[in-house]
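Keeping their order, the protein sequence lines are chains A and B. Going by this note's numbering, the first sequence opens with residue 4, and the numbers climb by one from there. Going by this note's numbering, the second sequence opens with residue 611, and the numbers climb by one from there.
Rather than coming from a laboratory, the hints here were simulated on the basis of the structure. Take these hints with a grain of salt, some might be off.
Under the rule of at most 35 Å between Cα atoms (straight-line distance), these lysine-lysine pairs were calculated in the DSBU-like manner [stated by the list, open to error]: (1) A:Lys86 x A:Lys17; (2) A:Lys74 x A:Lys108; (3) B:Lys666 x B:Lys652; (4) A:Lys12 x A:Lys86; (5) A:Lys60 x A:Lys17; (6) A:Lys108 x B:Lys677; (7) B:Lys652 x B:Lys677; (8) A:Lys12 x A:Lys108; (9) A:Lys73 x A:Lys86; (10) A:Lys74 x A:Lys86; (11) A:Lys73 x B:Lys677; (12) B:Lys652 x A:Lys12; (13) A:Lys17 x B:Lys666; (14) A:Lys74 x A:Lys60; (15) A:Lys86 x A:Lys108; (16) A:Lys12 x A:Lys60; (17) B:Lys652 x A:Lys74; (18) A:Lys12 x A:Lys74; (19) A:Lys17 x A:Lys74; (20) A:Lys12 x B:Lys677; (21) A:Lys12 x A:Lys73; (22) A:Lys86 x A:Lys60; (23) A:Lys17 x B:Lys677; (24) A:Lys60 x A:Lys108; (25) A:Lys17 x A:Lys73; (26) B:Lys652 x A:Lys86; (27) A:Lys60 x B:Lys652; (28) A:Lys17 x B:Lys652; (29) A:Lys60 x A:Lys73; (30) A:Lys73 x A:Lys108.
Single-letter residue listing:
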Amino acid sequence: DGGITQSPKYLFRKEGQNVTLSCEQNLNHDAMYWYRQDPGQGLRLIYYSQIVNDFQKGDIAEGYSVSREKKESFPLTVTSAQKNPTAFYLCASSDLSGGRATNEKLFFGSGTQLSVL
Amino acid sequence: QKEVEQNSGPLSVPEGAIASLNCTYSDRVSQSFFWYRQYSGKSPELIMSIYSNGDKEDGRFTAQLNKASQYVSLLIRDSQPSDSATYLCAVPLTGANNLFFGTGTRLTVIP
Chain A
4 DGGITQSPKY
14 LFRKEGQNVT
24 LSCEQNLNHD
34 AMYWYRQDPG
44 QGLRLIYYSQ
54 IVNDFQKGDI
64 AEGYSVSREK
74 KESFPLTVTS
84 AQKNPTAFYL
94 CASSDLSGGR
104 ATNEKLFFGS
114 GTQLSVL
Chain B
611 QKEVEQNSGP
621 LSVPEGAIAS
631 LNCTYSDRVS
641 QSFFWYRQYS
651 GKSPELIMSI
661 YSNGDKEDGR
671 FTAQLNKASQ
681 YVSLLIRDSQ
691 PSDSATYLCA
701 VPLTGANNLF
711 FGTGTRLTVI
721 P
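Bound conformation, chain B alone:
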């Protein structure tokens, strides 16, 4: 099992809809979870971090964490064409001095 797994997509949603991106991780004791957005040909940028079970909201973005199920998701409400990008889930695994990244989910928002 890979340390961090994401559905590679592509995921297409119409403008104004909710986009739901999912991530599972293998390390049961991981404490921190991150979502990065990467536009084509550009570097990743951090958009959300979450440390506790439940929901964390920041504008149109909501991160949801369920440690018992080893699952973290990112919801984008009122999706805009500018949200079209690859979304990377990242988790620092126990004993490792770095973040493990998923392969990313490519999101396309259709105008």
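Isolated chain A (complex conformation):
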């Protein structure tokens, strides 16, 4: 089955620790995205990538880092510089090959709930 796989489902971070959230897709989508969702709030964009080895900052990139070494993979690292990391993190992808009909439609993974110990 095609889809987006995020792991782990739950993650706990200690003070001063970096943690990495995994996101893998087998949809052959060009673009991948990381969003953060806090209770009662909409999704806010952290980083996005439209092509391998290239990525752009979103609205709330501070304290996060990403890499895009393979088309299928877009891991997110939450660094110790992110002082309020507790949130639900969502990875998404979209197909850029079909123009507006496809490139603006996001497919989401199941999410990772990150909490601070």
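Using the hints, position chain B against chain A.
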């Protein structure tokens, strides 16, 4: 003004009634509009997209777009308890390479 605004609710409707969800956006030249449904603890899923003024119907769902008023709505007819979820409005704003999401409206359908 926020880029995309929704009434956070909660909105409660009885089973079988019509649920009406509203969204306003700030970018006058936005061309695409999306409604996502998100069940508690789950990821959002796309349920409707609309690009032209007027109505678009898909089963029990109808999206309505009025670009002059910068307003997009989602109507759910014959509401079912399984429709209970948070509905997110999303708009790609001009010059931005991503979707802006509203805070979502939490809908509860009462059996």
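Hints versus structure:
In summary, the hint linking lysine 86 of chain A to lysine 17 of chain A is supported, as the alpha carbons are separated by about 11 Å, within the 35 Å threshold. Restraint check for lysine 74 of chain A and lysine 108 of chain A: satisfied, since their Cα atoms lie roughly 18 Å apart, inside the 35 Å limit. A distance of roughly 26 Å separates the Cα atoms of lysine 666 of chain B and lysine 652 of chain B; the hinted pair therefore holds under the 35 Å criterion. For a cut-off of 35 Å, the pair hint linking lysine 12 of chain A to lysine 86 of chain A stands: about 21 Å separates their Cα positions.
Distance hint between lysine 60 of chain A and lysine 17 of chain A is fulfilled; the C-alpha atoms sit about 25 Å from each other, no more than 35 Å. For the hint linking lysine 108 of chain A to lysine 677 of chain B, the alpha-carbon distance of about 20 Å falls within 35 Å, and the restraint holds. A C-alpha spacing of about 31 Å is found between lysine 652 of chain B and lysine 677 of chain B, which places the hinted pair at or below 35 Å, so the restraint holds. Between lysine 12 of chain A and lysine 108 of chain A the alpha-carbon distance is near 23 Å, which keeps this suggested pair within the 35 Å criterion.
Of the pairs offered as hints, the one joining lysine 73 of chain A and lysine 86 of chain A holds, with about 29 Å between alpha carbons and a cut-off of 35 Å not exceeded. Taking the CA atoms of lysine 74 of chain A and lysine 86 of chain A, the gap is near 30 Å; set against the 35 Å cutoff, the hint holds. Our distance criterion of 35 Å between C-alpha atoms is broken by lysine 73 of chain A and lysine 677 of chain B, whose separation comes to about 39 Å. Restraint check for lysine 652 of chain B and lysine 12 of chain A: satisfied, since their Cα atoms lie roughly 11 Å apart, inside the 35 Å limit.
A C-alpha spacing of about 48 Å is found between lysine 17 of chain A and lysine 666 of chain B, which places the hinted pair above 35 Å, so the restraint is violated. Taking the CA atoms of lysine 74 of chain A and lysine 60 of chain A, the gap is near 18 Å; set against the 35 Å cutoff, the hint holds. For the proposed pair lysine 86 of chain A and lysine 108 of chain A, the alpha carbon gap of about 31 Å is at most 35 Å, so the pair holds. Straight-line distance between C-alpha atoms of lysine 12 of chain A and lysine 60 of chain A comes to about 24 Å, which keeps the hinted pair within the 35 Å bound.
In summary, the hint linking lysine 652 of chain B to lysine 74 of chain A is supported, as the alpha carbons are separated by about 25 Å, within the 35 Å threshold. The hinted pair formed by lysine 12 of chain A and lysine 74 of chain A meets the criterion: a straight-line CA distance of about 22 Å does not exceed 35 Å. Restraint check for lysine 17 of chain A and lysine 74 of chain A: satisfied, since their Cα atoms lie roughly 30 Å apart, inside the 35 Å limit. As the CA atoms of lysine 12 of chain A and lysine 677 of chain B are separated by approximately 39 Å, the hinted pair breaks the 35 Å bound.
A C-alpha spacing of about 22 Å is found between lysine 12 of chain A and lysine 73 of chain A, which places the hinted pair at or below 35 Å, so the restraint holds. Using a Cα cut-off of 35 Å, the hinted pair lysine 86 of chain A and lysine 60 of chain A holds, with the two alpha carbons roughly 18 Å apart. A hinted pair counts as satisfied when its Cα atoms are at most 35 Å apart, and lysine 17 of chain A with lysine 677 of chain B does not qualify at roughly 47 Å. Straight-line distance between C-alpha atoms of lysine 60 of chain A and lysine 108 of chain A comes to about 20 Å, which keeps the hinted pair within the 35 Å bound.
At roughly 29 Å between alpha-carbon atoms, lysine 17 of chain A and lysine 73 of chain A fall within 35 Å of each other, so this suggested pair holds. The suggested pairing of lysine 652 of chain B with lysine 86 of chain A holds, with an alpha-carbon distance near 25 Å, which does not exceed 35 Å. For the suggested pair lysine 60 of chain A and lysine 652 of chain B, the alpha carbons sit about 25 Å apart, so the restraint of at most 35 Å is met. For the hint pairing lysine 17 of chain A with lysine 652 of chain B, the CA-to-CA distance comes to about 25 Å; that is within 35 Å, so the pair holds.
Distance hint between lysine 60 of chain A and lysine 73 of chain A is fulfilled; the C-alpha atoms sit about 18 Å from each other, no more than 35 Å. Proximity of lysine 73 of chain A to lysine 108 of chain A is assessed by CA-CA distance (about 21 Å); at most 35 Å being required, the pair is judged to hold.
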